[in-house]
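Listed below, chain by chain, are the residues.
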Amino acid sequence: MTEFPTIYSITEDELDLNDLLEQITLPSTGAACFFTGMVRGETNKDGLPPQTEYLEYEAYIPMAEAKMEQVAEEIRERWPAVEGITIVQRIGRLYPLTPTVLIACTAAHRDTGVFEAARYGIDRLKEIVPIWKKEVGTDDETWIEGEYSPKPGE
Amino acid sequence: MNKISVLFFATMRDHIGQKSISLDVPDKTNVQGLKSVLAEKYPNASGALEATLVSINREYAFPEDNIPDGAEVAMFPHVSGG
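Listed in order, the protein sequences are those of chains A and B.
If you number the first sequence the way numbering that gives the first Met the number 0 does, the last residue is 153 and the count never jumps.
If you number the second sequence the way numbering that gives the first Met the number 0 does, the last residue is 81 and the count never jumps.
Mimicking DSS-like on lysine-lysine, the simulated pairs with C-alpha atoms at most 25 angstroms apart in a straight line are:
id, chain 1, residue 1, chain 2, residue 2
1, A, Lys150, B, Lys27
2, B, Lys2, B, Lys40
3, B, Lys27, B, Lys40
4, B, Lys2, B, Lys34
5, B, Lys27, B, Lys2
6, A, Lys125, A, Lys150
7, B, Lys40, B, Lys18
8, B, Lys18, B, Lys34
9, B, Lys18, A, Lys125
10, A, Lys133, B, Lys18
11, A, Lys150, B, Lys34
12, A, Lys44, A, Lys133
Keep in mind that the hints were calculated from the coordinates and are not lab data.
Please model the complete structure; the sequences and the hints are all you need to start from.
What follows is the structure in C-alpha cells.
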C-alpha cells in the first residue's frame with residue numbers, strides 16, 4: 000500500500016501553493032481541497048483596527064508542529080479516504096494579501112470527505128495549535144486571542 | 000527540588016517581561032502551585048497567570064497536573080493561528 004504523505008510545518012518562508020499541492024498529489028489522486036487564509040487589509044469589526052498594516056505571527060514551534068501532526072492524525076481517523084494532508088503556517092511579519100496558512104487534503108474523488116477534512120483541519124488549527132498573531136494598525140496594535148480551551152488529551 | 004524551565008509567549012511574554020526563565024520548584028509542585036510561585040515573583044502578571052493556558056513538555060496541562068523534574072513548561076494565551 001502506498002504511504003500517504005503528511006506535511007506539517009511552521010515556516011518563515013513564502014507559501015508555495017503549487018509546490019505544496021504537488022507534494023500531496025499521488026497517481027491515485029483525483030481531487031484536492033485547499034483552504035488558505037491571508038492577511039485582511041480592511042476589517043469592519045468592533046475592537047479591531049479597520050486598517051491593518053501587518054500581522055505579526057509567532058509560534059511555540061516544537062509544540063505547534065506536534066499539534067499539527069495530531070490534527071492530521073485526527074483527519075485520518077475521521078476521513079480514511081483522504082490521501083495527502085498538508086498543514087503549514089507561515090509566521091513573522093505578514094502584510095495584507097499574503098497567504099498565511101494552508102490546509103490541503105487530497106483524495107481519489109471529491110465525494111470522499113476532502114472538503115470537510117480541510118474545514119476540520121483549519122478549525123482544529125485555530126483551537127489547539129499554539130500560534131498567536133498581533134494586529135498592527137496605523138496607530139495601534141492588538142493581540143488577537145482565540146476562545147477555545149483545550150481539554151485533557153488534546 | 001525540581002529544575003524546570005518556563006517559556007512565555009505572546010501576551011504572557013509581555014506581562015512577565017521575559018521569554019523564558021529557569022526555576023527550582025519543590026517536588027510535586029503542580030500547575031496551580033507554579034502559577035502561585037510566579038504570581039509572587041511577578042505581581043503585575045497575577046491576573047494574566049490566572050487565565051493562562053499551560054503546557055508541560057508540549058502537551059496541554061491542567062491545574063492539578065504535577066510538573067516533573069526537567070520539564071519544559073510554557074504559558075500562553077488562547078491560540079489564534081490561521
